[in-house]
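Protein sequence lines, in the order shown, are assigned to chains P and F.
With my numbering as the guide, the letters of the first sequence map in order to residues 1 to 180.
With my numbering as the guide, the letters of the second sequence map in order to residues 1 to 223.
Source of the hints: derived by calculation from the structure; they are not laboratory data.
Per label pair, the in silico range of CB-to-CB distance: (1) P:Thr133 x F:Leu172: 23 to 33 Å; (2) P:Val104 x F:Gln33: 35 to 45 Å; (3) P:Thr141 x F:Gly66: 23 to 33 Å; (4) F:Pro68 x P:Pro126: 23 to 33 Å; (5) F:Ser36 x P:Val159: 23 to 33 Å; (6) P:Thr133 x F:Ala44: 43 to 53 Å; (7) F:Arg29 x P:Ala156: 17 to 27 Å.
Values in this document were obtained by computation on a predicted structure and should not be read as measured data.
In this text, a Cβ means the ideal position worked out from N, Cα and C, and glycines have one as well.
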Amino acid sequence: MSGHDFHPLIKQLLDGDITLADLPAELHAEGEAALRLLAAVDRTDVSMPAVTWRVMAALERRRRRFLPWLLAPALAIAAALVIWLRPGTPPPSAALVTVRFVLVAPEARQVSLAGTFNQWDPQATPLVRAGTTGVWTATLTLPAGQHQYAFVVDGARWVPDPGAPAVDDGFGRRNSVLTL
Amino acid sequence: MIALVAIPLTLLSMQQAGRGVIAQRLAGRVSPQIASLVEELGAAASARGLPIDPLIQKAIEGNAKGVPRERVATALRLVAMQLDTAAAALRDGGGGLVSDTLAIAAGEFAITAGLSRSDITALARTGANAAALTVGLRVAGTLAALGVPPAEDIGLVSVALRSGEPASSLLLLPANVQSEMAKGVTPAQAAAGLARAAAAQARHGPPPGHGGGHPHPPAPPHP
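Kindly produce the complete structure, drawing on both the sequences and the hints.
If you want it as structure tokens, here you go:
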């Protein structure tokens, strides 16, 4: 920082907002001087004292000596994390598909959707009643693949989707199947 | 000498890691007794190269539905048995597909839907790669769930797999069958009609403007 305070138009010139031609005649000389000064500063080499290079080189050598010792445990931890996390990691290439679920249940007070896509949580995906018609809907974006699901009516009754194929759930009920 | 010690230790640590994953996914979702059974069945399944995800999903589903513990345990043992059957069916089909856990899980679904070990073997013998076969098994299971009898089901999916249909076309088969059923035909007639059309197309090429089948189906969807 210098103590010199430039005219506001000169500052704009140095910032590149205006050109020399935009300056009034009385500021031309000052503008040219300011630009020469700026060019001189840009060309100046910034040299570091020799001692700095010696310190930096010493630090670099020290860092290189420690590198193998740091690298080995880091690789071991990374490998362990890969083995640990691999089974639960979703495939990165799975495409997403938007699906609309519909159930006609005029008597229901509340309807939700539970399935493999929400860990069978009956509270996770509520359906919305469309007006007073008894039609309940929910629109979800799901990963492509196969999903099993059921509607949960009034928090207790598990109902398969009447419009979808269904399979035995192993507990005496049926799960609907959605293949995307 | 070091390898003799290191290999069993590595396998043991991976098995422990598998148990850790199961415990982590089931934490707070199922009773400790069911979690313990899933860990036991999962460790045995992993040791035989079988997937553990169907076991975890079934345990969570049973708990969410408020199913009694004994019944969940029975269902879990059935899933483990079906995974074994699916793996054996793929082994019978040859081609080294038995090591693909996604294909085994898809085979387990097909069995749940009503197909048999020999049906899965028949699909494995089409020569489809693991990715295409995984989609084929899922689609065959869905067709079975729609009421298509095994003979017509396997016939239709086999034709599609042999002609190298891309996964996107395979996935359309259930909707195509449903669409034919809506016209008043039975599931068997719908599947047989589509199989005949697909076979004719494979012999004579696609109709003008429909492009050819992709020789290398893309990766299967992952449930």
